[in-house]
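Residue numbers (my numbering), protein chains in the order written: chain B, 1 to 309; chain L, 310 to 617.
No lab work stands behind these hints: they were computed from the structure. Errors might be hidden in some of the hints.
[To be verified] One side of the interface only, derived from the structure: several residues of chain B facing chain L at Cβ under 10 Å:
(1) Asn96
(2) Gln104
(3) Asp125
(4) Trp129
(5) Gly169
(6) Gly173
(7) Ala184
(8) Ala276
Even for Gly, the Cβ is constructed at its ideal location relative to N, Cα and C.
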Amino acid sequence: MMMAPQRASSAGAERPAGAHGPRAAVAAVEVRDAAVRLGGQTIWRELRLTVARGEFVALLGANGAGKSTLLKALLGLLPVASGQIRVLGRAAGEANRAIGYLPQRRTFDPSTRLRGVDIVQLGLDGDRWGLPLPLRWGRLGERTRSDREQVWRAVEMVGAGPYARRPIGELSGGEQQRLLIAQALVRRPGLLLLDEPLDSLDLPNQAAVAALVAKICRERDVAVLLVAHDVNPLLPYLDRVAYLAAGRAVEGTVQEVINSATLSALYGVPIEVLRASDGRLVVVGQPEAPAHHHDRHLLADGAGDRHAD
Amino acid sequence: MRTEPTGPTIGWDVVRDVSQVLEYHFMVNALLAGGVVAVMAGLVGWMMVLRRETFAGHTLAMMAFPGASGAALLGVPAAWGYFAFCGAGALAIGRFAGAERRSWSERSANTGAVQALALAMGFLFVSLYGGVLGDLESVLFGNLLGVSDTQLLGLTGVAAAAVVALAALARPLLFASVDSDAAAARGLPVQALSISFLALLGLAVAATSQITGVMLVFALLVAPAASAQALTARPLPSLGITVALGLLVVWLGLGISYYSVYPAGFFITVISFAVYLLARLFAVALARRSRERAPAASRPGPRRGVIS
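Based on the provided sequences and hints, a complete structural model is requested.
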């Protein structure tokens with residue numbers, strides 16, 4: 001299937017979402033020939049990408065290839081210059097209440113005096129104005145109670161129960177990352193957009209968080225688009241991958257995309273993909289930060305990849 | 310500042326001591342004004358400490374100097390100058406050193422530039438005014454014992470408005486403070502929230518510094534909030550402790566000064582410093598204890614907790 005990646009998007013939309021049941025009438029993400037320009041530079045163009053409901057897709061590519069930019073475009077935070085983006089059947093930006101978004105991290109300052117569970121709670125009610133009335137009875141009390149249960153269900157889902165009551169700044173990177181995933185998850189979204197959740201984690205934590213995201217994807221039947229540098233921790237779990245490079249993208253299964261022929265065609269230079277005996281993939285010859293791309297990448301970063309703090 | 314020819318004496322009868330303090334209208338007004346300021350400054354200060362905008366708060370406090378001297382130059386009430394300059398300062402810091410897209414060091418440098426400009430303008434206004442600015446001392450150190458009924462009423466109004474506004478913004482502001490990217494993705498106006506909070510901070514500082522003076526705003530804005538956050542990471546108890554500590558500091562300071570020859574501002578500041586010191590020591594002890602217990606406590610944990 002999907003040998004010609006440019007044609008793959010419509011095929012992906014019609015495909016029943018793997019093991020997740022056949023309700024794939026409306027794709028979670030559908031990007032059709034979209035282009036984004038920042039500061040007069042085209043970040044990518046003619047981009048096609050489909051993520052079916054309940055599907056686990058990794059978004060790969062070198063630094064500055066526009067991966068974070070794509071997530072922001074899906075959230076409607078950046079306008080598309082051409083083409084079309086549909087998210088959960090609606091225009092980009094209109095379905096954000098049903099999207100769990102994990103921005104590129106950003107660890108919490110050690111002095112941040114809020115508990116992990118408060119951070120998760122903000123994912124649920126952080127955009128409600130006013131203060132919750134601390135009622136324990138009646139309809140409002142009921143809401144307070146069900147909110148609290150929902151928060152703790154998300155905390156338990158990511159296995160953060162033992163440390164959720166400790167100040168967030170005192171927790172390790174892996175613990176913070178789990179709580180942030182719980183925050184993205186707490187509203188039971190139909191789509192999770194995770195921007196480099198494995199970054200800055202050690203190898204055992206990378207494996208654990210990858211397994212956790214796969215479990216959430218299966219048990220909650222939520223589509224996941226996960227930005228990653230390294231596909232290896234994700235290999236056992238992925239339905240498909242999309243690879244961004246040189247302003248374009250290819251998508252397909254891991255075997256279809258991460259091979260010497262496809263990546264060489266994408267980059268326009270010879271790329272070699274090696275497979276280690278344990279199944280790990282090594283991409284050799286990838287132009288990491290080509291000089292003529294450099295300005296564009298800085299712009300992409302400056303325009304919002306990292307809101308510095 | 311006090312007018313009694315013979316100083317009151319303090320004894321072991323607490324009821325008598327307190328009723329002695331409450332005999333004078335100016336003391337009652339001072340206690341009420343101090344209480345109002347403690348609640349407002351505590352709550353706004355809590356958010357300020359959490360957002361790490363203490364330096365912005367300090368800069369806004371400094372706005373009282375050009376505010377008061379500018380008002381004297383124009384012959385208008387000092388309060389107008391306070392509010393005008395604190396409002397302008399909040400906007401300048403918000404535009405110039407907006408929380409987004411800038412590193413923390415760049416923001417504090419920009420805030421410092423705003424502060425220097427404000428102080429220079431205050432200096433200019435004083436020299437244009439020519440004469441000695443009569444109530445320079447009350448600009449710097451406030452006049453807690455000279456609060457009129459009208460002032461008290463105005464202060465209460467400002468404080469009520471500030472607290473209601475803070476409550477309305479509370480959760481989005483908290484979200485944007487700790488997690489601005491995720492908040493922006495949820496459609497919250499992060500930049501507008503940041504500027505609104507600075508305006509609110511300016512309002513609180515202007516009102517507070519009329520009573521406690523520029524130099525002592527911080528005793529009530531920072532110390533109770535920072536102490537409470539050192540003691541607990543739970544938001545609601547932390548806010549409660551902030552208000553309680555603020556009231557304790559103000560009322561204890563006023564009460565002691567009534568029986569002493571030293572000014573109230575001195576006692577208020579010293580007590581709030583002592584409270585902060587104790588809270589930090591307590592937090593260090595608490596952290597050490599939890600670190601000793603942590604390896605044992607974190608393992609059998611997962612059973613606890615579906616209802617917090």
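Each hint, compared with the structure:
A hinted interface residue such as B/Asn96 counts as satisfied when its beta carbon comes closer than 10 Å to some beta carbon of chain L; here the least separation is about 6 Å, so the hint holds. For the restraint placing B/Gln104 at the interface with chain L, the shortest Cβ-Cβ distance is roughly 8 Å, inside the 10 Å limit, so the hint holds. With its C-beta approaching chain L no nearer than about 6 Å, B/Asp125 sits inside the 10 Å limit, and its interface hint holds. Contact between B/Trp129 and chain L, as hinted, is supported at the beta carbon level, the nearest pair being about 6 Å apart and thus within 10 Å.
Nearest Cβ of chain L to the Cβ of B/Gly169: about 9 Å, under the 10 Å cut. The hint holds. Violation of the interface hint for B/Gly173 is found here, the shortest Cβ-Cβ separation to chain L being roughly 16 Å, above the 10 Å cut-off. At about 8 Å, the closest approach between the beta carbon of B/Ala184 and any beta carbon in chain L falls short of 10 Å, and the interface hint on this residue holds. The restraint placing B/Ala276 at the interface with chain L is violated, with a minimum CB-CB distance near 35 Å, outside the 10 Å limit.
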